[in-house]
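Enquirer: Below are the chains, spelled out letter by letter.
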Amino acid sequence: VLPYPVVTSVPPLTFLLLGHTQLKNDGYRTLPLSGHVGFGSLPDQLVKKSIKQGFCFNILCIGETGSGKSTLINSLFNTTFDDPVSSHFLPSVKLRAQTYELQEANVLLKLTIVNTVGFGDQINKENSYQPIVDYIDAQFEAYLQEELKIKRSLFSYHDTRIHVCLYFISPTGHSLKTLDLLAMKSLDSKVNIIPIIGKADSISKTELQKFKNKIMSELVSNGVQIYQFPTDDETISKINTIMNGHLPFAVVGSTEEVRIGNKMVRARQYPWGIVQVENENHCDFVKLREMLICTNMEDLREQTHARHYELYRRCRLEEMGFRDIGPENKPVSLQEAYEAKRHEFYLELQRKEEEMRQQFVQRVKEKEAILKEAEQKVHAKFEERMLALQEVKLKLEKKKKVLEDEIAMFVEKKANAEVLQSQPSVSTPLLSLKKDKDRKKYVLMLVIRGSKKKFLHISLL
Amino acid sequence: MEPEEHSMEPPATPEEEMPLTAAPGPAGCQLFGYVGIEAVLDQMKVKTMKMGFEFNIMVVGQSGLGKSTMVNTLFKSKVSRKASQPGQEERIPKTVQLQSVTHVIEEKGVKMKLTVTDTPGFGDQINNENCWDPIIKYINEQYERYLREEILITRKRKIPDTRVHGCVYFVMVVPPWGGGHGGHAGVMVVLGRLRPLDLEFMRRLSKIVNVVPVIAKADTLTLEERAEFKQRIQEDLKTHAISVYPQEDFDQDPDDRALNDRIREKIPFAVVGADQEHQVNGKRVLGRKTKWGIIEVENPAHCEFPLLQDLLIRSHLQDLKDITHNVHYESYRVRRLNESNRPELSSPNGLPGKGEGGSDL
Chain F
1 VLPYPVVTSV PPLTFLLLGH TQLKNDGYRT LPLSGHVGFG SLPDQLVKKS
51 IKQGFCFNIL CIGETGSGKS TLINSLFNTT FDDPVSSHFL PSVKLRAQTY
101 ELQEANVLLK LTIVNTVGFG DQINKENSYQ PIVDYIDAQF EAYLQEELKI
151 KRSLFSYHDT RIHVCLYFIS PTGHSLKTLD LLAMKSLDSK VNIIPIIGKA
201 DSISKTELQK FKNKIMSELV SNGVQIYQFP TDDETISKIN TIMNGHLPFA
251 VVGSTEEVRI GNKMVRARQY PWGIVQVENE NHCDFVKLRE MLICTNMEDL
301 REQTHARHYE LYRRCRLEEM GFRDIGPENK PVSLQEAYEA KRHEFYLELQ
351 RKEEEMRQQF VQRVKEKEAI LKEAEQKVHA KFEERMLALQ EVKLKLEKKK
401 KVLEDEIAMF VEKKANAEVL QSQPSVSTPL LSLKKDKDRK KYVLMLVIRG
451 SKKKFLHISL L
Chain E
1 MEPEEHSMEP PATPEEEMPL TAAPGPAGCQ LFGYVGIEAV LDQMKVKTMK
51 MGFEFNIMVV GQSGLGKSTM VNTLFKSKVS RKASQPGQEE RIPKTVQLQS
101 VTHVIEEKGV KMKLTVTDTP GFGDQINNEN CWDPIIKYIN EQYERYLREE
151 ILITRKRKIP DTRVHGCVYF VMVVPPWGGG HGGHAGVMVV LGRLRPLDLE
201 FMRRLSKIVN VVPVIAKADT LTLEERAEFK QRIQEDLKTH AISVYPQEDF
251 DQDPDDRALN DRIREKIPFA VVGADQEHQV NGKRVLGRKT KWGIIEVENP
301 AHCEFPLLQD LLIRSHLQDL KDITHNVHYE SYRVRRLNES NRPELSSPNG
351 LPGKGEGGSD L
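So the sequence lines, in the order shown, correspond to chains F and E. Per full-length UniProt numbering, the first sequence starts with residue 1, numbered consecutively. Per full-length UniProt numbering, the second sequence starts with residue 1, numbered consecutively.
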């Protein structure tokens, strides 16, 4: 029975080797394997998972209207994104984002293209780049919010942070415009900038080289940090260094195809010749595509997350009043933040409640006022009617008085007549008097009826 | 002055014609030619290989079940020191201790920092109540460490990951009953089920970490006994609603589900560990030599060690890490952040006044 081979072969010799590797592996011993374990497939497992998840890539295109942004994007991704043409007369810069899903082989890419509409068109361009800065910050903020949530789902979060900014420089052939410099300066710490000369088929080769040199020197002298293709990995460092020297890329985009030889290629046809988009001698389009998609897409995403986003996060958290005073304080500080947030929400809630309560009270008051008014009206009407009633009553009283007076008079007359009668003892005048009485009674009834007051009751005699 | 170059020459680079694929979805676009999106996969591979991987595994089980041997066999190297050497007295610790050993192993250019946490003393006492507490504390401590790193303002580019990605739990083979108590001759003896300690432990731990149960020292079981024992264990787990890895809730799509269902049928794996090589049919194999034969560890007919190796390393390693990060760590974070929001906790004086930006949180 042989002893386990590795045990016996950890003699002092390997200690030297171990010592060497110790530096590389942060102080941990490297164990040699005596057989096939199988975790060499780990990168494949990771890739498989990523394929299932899909990738996100967000491109921001900044450039003046008509500098060839949409055409270039269409050419880059070999498809036609429907993007309406914009006018020159927009009052302010607006950003328009559209998301597309592209699939090649089995890789699903969620591509978001953000276009600046109206950039450089206004008479006063002071606020041209502020909306762009705000947009980029807003995406970072959204991610930060998601990250700070208690119950979060970063796994399925649709990342909208801008991974690369293609800045289109107008092909004047001279130098950068002030707007370009200012815009790039304000964006270089927030996003990876790749400057591009659009519509480069209007510049000749010698002019182009001079133009490129001028642009780069201006950028350097103004301290603008554009994105440098990474040169730390041996496999791609060589090509990246070469490409770094070709910045800014002079590109031509085209959505039309022209027949060259026996193939249909993307090209622009002029009376004096054909500019082929994918011809390296004609423009830098192929280089851009190589760099942007084939070689450095992952690095762009990583830089956005590890550098620009972290910077934003740090600034933002510091703004909110956090410090990394000591490791023990940090979790509590976050608690403070959550406490503060909760407190604030509570205050907000109270305020809203108060507001609603006041509104309610207000409404009640209004309703009350209305009701009171109505009540008053009714009351007034009632009074009016009462008055009218009184008047009528008075009238009737008067009439009654008059009638009573008449009755009294009649009674008196009757008494007088009876006195007169008792002397000669005549019977017939009694009858005639009776008749007279009746008549008077009858007339009285008529008068009473005439006054239309049934409750006036006069007892006669 | 050189003339402007608008020649009629054929394009310099021949184009690769990739098959057209129409993407589904509301904003799907058809690609008319090669773009090169899939190159991003290679970029990712290169990046991850440069960064290296970390994997933390914990082995739990009573002493003498072959944990260290198993880990050594799994990673084909002397990862954990064997506790029992012939002639060396093994001292059972009074309480459960946790010992972590970290090594770096490399294969095919992929570097992996492997941490194995051993738990001597688990289940070895007379009274084993709460013997899982130190383990749970350790796991939570790792989560806490990660959380602290994550919420720093200036945080590291790559947060060191010490969280336990998988916990391999060794189930002891319960000796068959009915031996001397009038068991019927000729009738298959019924094996026991999971012991209360096993159930308690797995129940608690499957909530915070991926638990992979294995049957230890499975060379004492015949194939039929093994199948029965497994079935009993599966029933027990179902009755007590213990979800071991691979958990059913986290299957992402039908392919995953089919694959994981096949694995779930075979859980727990019956393993035999060995660290010595023997000669079998002219080949050198890892195995245990007994008087009645040589048990080959890597022979699927003899034991299920290859299946375990496949699960843990070859196919599901990344999945273990992902579930730990996306599910277990997140639930820890939720618990932790919720519990720290109680107002009775005093606020430190170190915090300067809250800025106006706090209202946007």
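Think of the hints as simulated: they come from the structure by calculation, not from any bench. Please note that a few of the clues may not be correct.
[Stated by the list, open to error] With a cut-off of at most 30 Å between alpha-carbon atoms, the simulated DSBU-like pairs for lysine-lysine come out as follows:
no.: 1; chain 1: E; residue 1: Lys108; chain 2: F; residue 2: Lys149
no.: 2; chain 1: F; residue 1: Lys52; chain 2: E; residue 2: Lys137
no.: 3; chain 1: F; residue 1: Lys52; chain 2: E; residue 2: Lys289
no.: 4; chain 1: F; residue 1: Lys110; chain 2: E; residue 2: Lys47
no.: 5; chain 1: E; residue 1: Lys266; chain 2: F; residue 2: Lys287
no.: 6; chain 1: F; residue 1: Lys149; chain 2: E; residue 2: Lys266
[To be verified] A few chain F residues facing chain E, derived, Cβ under 7 Å:
no.: 7; residue: Leu33
no.: 8; residue: Leu46
no.: 9; residue: Val47
no.: 10; residue: Ala105
no.: 11; residue: Val107
no.: 12; residue: Arg314
Even for Gly, the Cβ is constructed at its ideal location relative to N, Cα and C.
Enquirer: Are the hints correct? Go through all of them and say.
Expert: Do the hints match the structure? See the list:
The straight-line distance between the Cα atoms of E:Lys108 and F:Lys149 is roughly 40 Å, outside the 30 Å bound, and the hint therefore fails. A hinted pair counts as satisfied when its Cα atoms are at most 30 Å apart, and F:Lys52 with E:Lys137 does not qualify at roughly 35 Å. For the given pair, F:Lys52 sits about 45 Å from E:Lys289 by alpha-carbon distance, which is inconsistent with the 30 Å threshold. A distance of roughly 21 Å separates the Cα atoms of F:Lys110 and E:Lys47; the hinted pair therefore holds under the 30 Å criterion.
In summary, the hint linking E:Lys266 to F:Lys287 is not supported, as the alpha carbons are separated by about 52 Å, beyond the 30 Å threshold. Straight-line distance between C-alpha atoms of F:Lys149 and E:Lys266 comes to about 39 Å, which puts the hinted pair past the 30 Å bound. Taking 7 Å as the C-beta cut-off, the interface hint given for F:Leu33 holds, the closest approach to chain E being about 5 Å. A distance limit of 7 Å between C-beta atoms decides the matter here; for F:Leu46 the minimum to chain E is near 5 Å, and the interface restraint holds.
Hint on F:Val47 holds. Least Cβ distance to chain E is approximately 5 Å, under the 7 Å limit. The beta carbon of F:Ala105 is positioned within 7 Å of a beta carbon in chain E (closest approach about 5 Å), and the interface hint is therefore held. Of the supplied interface hints, the one on F:Val107 holds, with its beta-carbon coming within about 5 Å of a beta-carbon of chain E, less than 7 Å. For the restraint placing F:Arg314 at the interface with chain E, the shortest Cβ-Cβ distance is roughly 5 Å, inside the 7 Å limit, so the hint holds.
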